[in-house]
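The hints should help you fit chain B onto chain A, whose structure is shown.
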Amino acid sequence: MTPDVVPGGGPKRSAVRRRRPLTFDRVSFMVVFLGLPLAVFVIFVVSPFVQALWYSLTDWSGFSSKMNFVGFDNYVKLFHDDIFLKAVRNNVELAIFVPIVTIVLALTLATLVTIGGSGTGTVRGLRNSGFYRIVSFFPYVIPAIVIGLIWAQVFTPSSGVLDALLSKIGLHQFENYAWLGDARTAMPVSMFVMIWGFVGFYMVLFIAAIRGIDPEVFEAARIDGAGRFRTATYLTLPLIRDNVQTAYIYLGIAALDAFVYMQALNPGGGPQNSTLVMPQQLFTTAFAKGQFGYSTAMGVVLAAVTMLFALLVFTVNALTGGRAPRVKVGR
Amino acid sequence: MTTTIDRVELATPSPSPGKGSREGKGVATTAHIALILWSLLVILPLVWTVLSSFKSTQEVLGNPLALPGKLRFGNYATAWTTAGIGRYFTNTVIVVTSALVLVMILGAMCAYVLARFTFRGNRLIYYSMLAGLTFPVFLAIVPLFFVLKNLSLLNTLPGLIITYVAFALPFTVFFLHSFFKALPGEIYEAAQIDGAGEWRTFFSVMLPMARPGMASVAIFNFLGLWNQFLLPVALNTNSDNYVLSQGMASFASQAGYAVDFGALFAAVVITVAPVLVVYIIFQRQLQVSVTAGGVK
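These protein sequences, in sequence, are chains A and B. Reminder that position 296 of the first sequence reads as 296 in my numbering, one-by-one numbering, no gaps. Adding 1000 to a residue's 1-based position in the second sequence gives its number in my numbering.
Just so you know, these hints were derived from the structure itself, not from any lab. Zero decoy hints are in this set.
One side only, chain A facing chain B, incomplete, derived with CB under 7 Å: (1) Leu34; (2) Val45; (3) Phe138; (4) Ile150; (5) Val204; (6) Ala303; (7) Thr306.
Each computed DMTMM-like pair below joins lysine to aspartate or glutamate, with the alpha-carbon atoms no more than 25 Å apart: (8) Lys1181/B with Asp25/A; (9) Lys1070/B with Asp1260/B; (10) Lys77/A with Asp59/A; (11) Lys1181/B with Asp242/A; (12) Lys1025/B with Glu219/A; (13) Lys1025/B with Glu216/A; (14) Lys1149/B with Asp59/A; (15) Lys289/A with Asp73/A; (16) Lys1149/B with Asp1240/B; (17) Lys289/A with Asp82/A; (18) Lys168/A with Asp182/A; (19) Lys77/A with Glu93/A; (20) Lys289/A with Asp1240/B; (21) Lys86/A with Asp59/A; (22) Lys86/A with Asp73/A; (23) Lys1181/B with Asp1194/B; (24) Lys289/A with Asp81/A; (25) Lys1025/B with Asp224/A.
Part of the chain B face toward chain A, derived, beta carbon under 10 Å: (26) Leu1046; (27) Thr1049; (28) Leu1106; (29) Leu1114; (30) Ile1162; (31) Thr1163; (32) Trp1226; (33) Val1233; (34) Ala1234; (35) Ala1252; (36) Leu1276; (37) Gln1287.
Glycine included, C-beta positions come from ideal geometry on N, C-alpha and C.
For reference, chain A alone in the conformation it holds in the complex:
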């Protein structure tokens, strides 16, 4: 770094522009405090990303040092690769449905907890809502792979608890029904598992956002005669709109990954590739087939789709009148 390091880059500007002598203390400080973390970051994060762009233009197999520049051949090939295109479609489906359902569920539960209480007097949440909050958050502390494994067992045809329950209540057509082994249900069931894993976390976030709204806003709405449903849809939702947008982006990125869940539920990509996702295909192409150049091209496509998705969410939010006039939140 350049030696003209000045401390106090924070709020106080007056003291900033004073040059300090270069002492051992100061130099060693900058080297260790900035150099060390940066070295780790550049070697293990930045350099792989940059290399990926280059590898995606080669036919590298990874095991030989031989590597030919092939331009955009890998990308052309990708767009004729039916299996990969199927994976892209699956990912897009996931990125549409998983965030929507998760957010609707999380918002509903958060609303019930925060303003579902008494319809008169102060707007308040349900009694004992702490219990629901704690329980709903459980899935967040369970590793995703384990969530997948538990549900895979629940959905297993003969020994799974779901089929047993369904036939117990008289739905015998579900005896030995392979939820994850049938192309019609594999994807919806996988989505359900992901949503199960996500809802609690976003519910807690939305609860926090709703609690952050000035209570007087709610009081005013109540005095104006707004019921709880109207309060939730016309007041709460617009006020926490930015939180919902951010949640949508996080969830969409998680859905575009989905690797862990899919790997736990259907490692092979599901019946007729019905649950195959881009990351799974990338992983197999790289580490099982050894087509490293081709697989990094998949990574680039995945990154592009991810960014496109985020851009789309921002645009839609802006076009539909995002950034609603924010009511100042009193602290």
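Showing chain B alone in chain A's frame:
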């Protein structure tokens, strides 16, 4: 913001309280039912897992709804030793603890410098770290494999640790940046006047002041690292070095049809229970962290 007049208005009772409260009860009951149903959907699979962990394979395959005939603690012993969960558990604790300590130190140092010192390139570094947050790890995974291979760190625990640190670093810096930024500049000057060097100022003055932020990030990082799946599966393929998540995956898949189901469920319980217990003890702090660090 609030005037006295507002307050007076607020004191007015809402219209027709009698009708409202009856209707209010109905809504509250419906809300409770909805939340209880959701809670059951969360808890029941876990309860079923725990019950199944005491069953023999025959019992698991026979009647999934039945209670275990007797409590077979042997399943836990099998999972711990034969299936290697004990070893994976130890590996995970080593990797996660080291990575966590390292990333907290490096992250705090980096965030501190970026937040409180002006120098050329400051913003560039900060924004490239932000970008590192948004790029999918999958894009990097293949080149990363060879970076580690060239450094002879592939399939080693130190290699895994340093990778964990690198990928948890952007989030840590991003989160702590605002904490250090918010500290008043006078404190730094006071420390300087008292004769503290840069190192000392950081470790004895600034770092302790950022403690609440550190705690929140540490919780997030811990859960994130404990959860890590892709990095170990791609970069740590020696089964002696497996961490829990990949050990679980391979246990579930490799045994194929000859799975010892009781032991599989026991392994799941071993993986989940410690974190769940810690969560229940510290749930208040954790939920506060989510609130503080989460979606803004």
